Amino acid sequence: GQQLNQSPQSMFIQEGEDVSMNCTSSSIFNTWLWYKQDPGEGPVLLIALYKAGELTSNGRLTAQFGITRKDSFLNISASIPSDVGIYFCAGPVTGNQFYFGTGTSLTVIP
Amino acid sequence: NAGVTQTPKFQVLKTGQSMTLQCAQDMNHNSMYWYRQDPGMGLRLIYYSASEGTTDKGEVPNGYNVSRLNKREFSLRLESAAPSQTSVYFCASRPFPGSTSTDTQYFGPGTRLTVL
Chain A
1 GQQLNQSPQS MFIQEGEDVS MNCTSSSIFN TWLWYKQDPG EGPVLLIALY
51 KAGELTSNGR LTAQFGITRK DSFLNISASI PSDVGIYFCA GPVTGNQFYF
101 GTGTSLTVIP
Chain B
111 NAGVTQTPKF QVLKTGQSMT LQCAQDMNHN SMYWYRQDPG MGLRLIYYSA
161 SEGTTDKGEV PNGYNVSRLN KREFSLRLES AAPSQTSVYF CASRPFPGST
211 STDTQYFGPG TRLTVL
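Protein chains in written order, with the working numbering: chain A, 1 to 110; chain B, 111 to 226.
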């Protein structure tokens with residue numbers, strides 16, 4: 001099946017630090033999606049990317065669609081405690097299916 | 111507008127028991143999905159329904175059946191539960207592709223299932 005590899009698997013950072021994570025695929029994607037999952041909840045969409053090279057921001061979050069279309073990056077600036085959760089990348093691989101990465105677990109230490 | 115709802119929130123089964131997980135969405139979405147989430151493995155697709163009346167297997171369908179009862183409801187059934195099916199199950203829905211500016215899925219809160 002499709003492989004979406006996320007790194008790092010987990011991060012422990014101090015409040016106020018910036019965070020970077022990435023997602024790589026074994027094949028080309030036309031859309032990249034970034035989700036956040038709060039503890040005990042379902043994933044919620046943060047940012048959607050539709051074009052190679054695209055850079056999109058949502059508040060303190062910035063995501064980029066890699067030029068090769070096989071990777072994507074998510075940055076969080078000036079982290080705060082409510083940034084805690086698991087961050088997933090995802091992309092549609094057929095008309096109706098989405099594949100999800102393995103997730104990056106973020107812990108913010110106050 | 112409740113979005114995607116799932117019942118039950120928690121369930122404990124014994125090996126061999128059966129149960130049905132219920133999912134409903136009130137957003138008039140065409141497609142619905144069932145995923146399972148296990149530690150370190152992300153979300154894996156079990157079954158999906160592209161539209162009312164159709165269902166298709168995903169990555170990990172063995173041991174599960176689904177029913178798209180109508181446009182709103184998509185249920186997941188475990189006929190004979192096994193410990194390997196201990197997981198968190200998420201239902202999701204998606205609008206018709208191209209009908210909105212953002213192609214994404216909307217997730218329910220999950221069902222935490224333990225099979226002893």
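Keep in mind the hints are simulated off the structure, nothing from the lab. This structure is a prediction, so every number in the text was calculated from the model and none was measured. A couple of the hints might just be wrong.
Rough simulated footprint, nothing fancy, chain A against chain B, three-plus residues with beta-carbon under 8 Å [what the hints assert, rightly or not]:
hint	region
1	174-181
2	186-197
Among chain B residues calculated to face chain A with C-beta under 8 Å, some are [said to hold, decoys possible]:
hint	residue
3	141
4	160
5	215
DSS-like cross-link-like pairs, simulated, lysine-lysine; straight-line CA separation at most 27 Å [as the list claims (entries may be wrong)]:
hint	chain 1	residue 1	chain 2	residue 2
6	B	181	B	124
7	B	124	A	36
8	B	167	B	124
9	B	167	A	70
For each residue, glycine too, the CB sits at the ideal point set by N, CA and C.
Each hint tested on the structure:
Remark: the region 174-181 of chain B is not confirmed as covered by chain A, as 0 of its residues place a Cβ nearer than 8 Å to a Cβ of that chain, below the required three. With 0 residues carrying a beta carbon less than 8 Å from a beta carbon of chain A, the region 186-197 of chain B misses the three-residue requirement, and the given coverage is violated. At about 6 Å, the closest approach between the beta carbon of residue 141 of chain B and any beta carbon in chain A falls short of 8 Å, and the interface hint on this residue holds. Checking residue 160 of chain B against chain A: minimum C-beta separation of about 5 Å stays under 8 Å; hint holds.
For residue 215 of chain B, the interface hint holds, since its Cβ comes within 8 Å of a Cβ in chain A; the closest pair sits about 6 Å apart. For the hint pairing residue 181 of chain B with residue 124 of chain B, the CA-to-CA distance comes to about 32 Å; that exceeds 27 Å, so the pair is violated. Simply put, residue 124 of chain B and residue 36 of chain A have alpha-carbon atoms about 32 Å apart, too far for the 27 Å limit, and the pair is violated. Distance restraint check for residue 167 of chain B and residue 124 of chain B: the Cα-Cα separation of roughly 25 Å lies within the 27 Å cut-off, and the hinted pair is therefore satisfied.
A C-alpha spacing of about 25 Å is found between residue 167 of chain B and residue 70 of chain A, which places the hinted pair at or below 27 Å, so the restraint holds.
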